[in-house]
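2 protein chains.
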Amino acid sequence: MKILITGGAGFVGQRIAMECLRRGELDIADKSIETIVLTDNADPPFWHDGIREDSRVTTSFGDISGNHYVQSLFNDQFDVIFHLASIVSGHGETDFDLAMRVNLDGTRYLFEQVRAQENNARVVFASSVASFGGDGMPDSIDDNTKQTPRTTYGMTKVIGELLVNDYSRKGFFDGRSARLPTVIVRPGKPNLAASSFISGLFREPLNGENGVIPVDPSLQTPVLGYRSVANGIIKLAELDPDVLGTDRAVGLPAFNVSVQEMMDALKRAAGNRHLGEHVLKRDEAIAAICESWPKHANTKRGLEMGLPMESSLDEIVTHYIEDYLDAS
Amino acid sequence: MKILITGGAGFVGQRIAMECLRRGELDIADKSIETIVLTDNADPPFWHDGIREDSRVTTSFGDISGNHYVQSLFNDQFDVIFHLASIVSGHGETDFDLAMRVNLDGTRYLFEQVRAQENNARVVFASSVASFGGDGMPDSIDDNTKQTPRTTYGMTKVIGELLVNDYSRKGFFDGRSARLPTVIVRPGKPNLAASSFISGLFREPLNGENGVIPVDPSLQTPVLGYRSVANGIIKLAELDPDVLGTDRAVGLPAFNVSVQEMMDALKRAAGNRHLGEHVLKRDEAIAAICESWPKHANTKRGLEMGLPMESSLDEIVTHYIEDYLDAS
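If you read the protein sequences in the order shown, they are chains A and B.
Just so it is clear: in the first sequence, position 207 is 207 by my numbering, and no numbers are missing.
Just so it is clear: in the second sequence, position 48 is 48 by my numbering, and no numbers are missing.
Read the hints as simulated data drawn from the structure, not as lab findings.
Fair warning: this is a prediction, and the values are worked out from it, not measured in the lab.
Just to be clear, a hint being listed does not mean it is correct.
To be verified - Ranges between beta-carbon positions, derived for each pair:
1) B:Ser-32 <-> A:Ser-60: 37 to 47 Å
2) B:Asn-119 <-> A:Leu-98: 17 to 27 Å
3) B:Asn-119 <-> A:Glu-53: 39 to 49 Å
4) B:Gly-306 <-> A:Ala-285: 35 to 45 Å
5) A:Asp-139 <-> B:Ser-140: 16 to 26 Å
6) A:Gln-71 <-> B:Lys-267: 22 to 32 Å
7) B:Leu-98 <-> A:Leu-98: 23 to 33 Å
8) A:Pro-138 <-> B:Leu-21: 41 to 51 Å
9) A:Asp-139 <-> B:Leu-303: 25 to 35 Å
10) B:Lys-300 <-> A:Thr-94: 45 to 55 Å
11) B:Ser-60 <-> A:Asn-67: 47 to 57 Å
12) B:Asp-30 <-> A:Ala-285: 48 to 58 Å
13) A:Pro-241 <-> B:Leu-21: 34 to 44 Å
Heads up, the beta-carbon is just placed ideally off N, CA and C, and yes, glycines get one too.
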């Protein structure tokens, strides 16, 4: 089995790659993993140990919004494609055209290459709860809620879901969309996602630095730990298509928690570790984006499909401490 | 005021043009209509009397899926753009790539030209109830129902609505989407829309010919008369943006009626005119598409905005007889 991961040098891309390497095979046609191609636009700030050293892994760097580059990736025929590459929410708000090129044109170039393959490859497209919003949004969203996004990022994610459904309906490939809540705790540096501070409110205090909170601490948002995100995306690839029905977009399970609850969970899970401070410093641009997102996600459909979630916020923090602080 | 109508040689495009010419002005910034540019891919089978003869009208023929052609239309700055050009449902099912080029690429080229203008032009995009479908669709759809289309045509219509919302949110233009039910009664020849037989079941018997019914007569679908469709689209252009809220896609009012009820209405409204027969001849491809569409539309939101509808199906048939049979 050959796997392609776009955005493969990003945090979620690397976590999926690590998990695939660890398992050695996926529950799709009983095939062991021969090759994982990780493509991204640039070498990442850091690689997790064991990825680049693995003989099954190839990396390729280029711009997915260029059709020639996308075509060049498809000398191999891939069995599973995890499509994570994306301009993120905050970045898309400052550069509409870039978001359209990467998130929409790039996705179409990729999907056309998969369509041109002879097999009926599995595709998992990473969508987002940021695809919801607007004045018609209910207090709790689920997989049947209309998506009327209030960011260009969110708009391109809904379009991706629509393309996945239609390419699957036409038999061009066997696609699924994973609607991700905010992924915590991302290691490394902040990124341009408006939700970036949410990982920061765990990560920076654990590094002895200030965690800046640009929104009201009462802001509630769905979140999920990175282990469950990676495992859920892989599980979606493995699911029988009949389980999905005609709408192949599935919200990953999530904890619906406030920023304050996350701050409290950090303090509990950190035990007697020294923690930096949380500093409230409102940023209107970030707050406006985050406040447009759903406060509560009902993820019953994903849970019934067997998509995983942690037992508590505290467990997510504990995993982060194990994986990124104690390990190094 | 300068108006551009894409798909302007089509039936709905011509009806909008006729109505604009008749009114002489629209209720937008109190400006009288100086110019109407009608663009389409080819000279139509017929022009309604009075359109081409009007000194305010210019026609232009070219392929909207070519960016150069779209750019060439924008030597003028338009105040209102009615964007109707589209590959229709049945055609899109047999030519996916053409539907993507015309309905998605063409729409993006057009929207980029409007964005490049200095004004904040009004745009009305013609969407469709065919944008609904799939196994999660409720018995009755409304403006808050998730759209999970089962045709490529429907998919591109949802994408158009998303683009209208985001271009409007960004201030690139002041857009609205009109979600059209099946428009009756279209004069002339059948087209490649899967719903084409619905106009045919009125039109062909009134011409003394057989009206072929390719679906079960119990099939129910939302329909609206062409006068209300044209007036509703113009009304949407005139509405204050505050009335629309963040989701600028509005379902036009509709009659939720079965094919049998339409056959019966024809017989009542035709009076003592000679009518051809209705012939049941199932077509699985057409039936599959039509059966994937909503059976019932709750169009309360559009009605509250003042969008018009006829008083009965019979009135729609009477209009058709007046406009297309008695007039000629």
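Hint check:
1. B:Ser-32 <-> A:Ser-60: 37 to 47 Å: 59 Å, violated
2. B:Asn-119 <-> A:Leu-98: 17 to 27 Å: 25 Å, holds
3. B:Asn-119 <-> A:Glu-53: 39 to 49 Å: 58 Å, violated
4. B:Gly-306 <-> A:Ala-285: 35 to 45 Å: Since the Cβ atoms of Gly-306 (chain B) and Ala-285 (chain A) sit about 36 Å apart, the hinted range of 35 to 45 Å holds.
5. A:Asp-139 <-> B:Ser-140: 16 to 26 Å: With a Cβ separation near 22 Å, Asp-139 (chain A) and Ser-140 (chain B) satisfy 16 to 26 Å, so the hint holds.
6. A:Gln-71 <-> B:Lys-267: 22 to 32 Å: 59 Å, violated
7. B:Leu-98 <-> A:Leu-98: 23 to 33 Å: Given about 28 Å between the Cβ atoms, the range holds.
8. A:Pro-138 <-> B:Leu-21: 41 to 51 Å: 44 Å, holds
9. A:Asp-139 <-> B:Leu-303: 25 to 35 Å: 26 Å, holds
10. B:Lys-300 <-> A:Thr-94: 45 to 55 Å: 38 Å, violated
11. B:Ser-60 <-> A:Asn-67: 47 to 57 Å: 30 Å, violated
12. B:Asp-30 <-> A:Ala-285: 48 to 58 Å: 37 Å, violated
13. A:Pro-241 <-> B:Leu-21: 34 to 44 Å: 52 Å, violated
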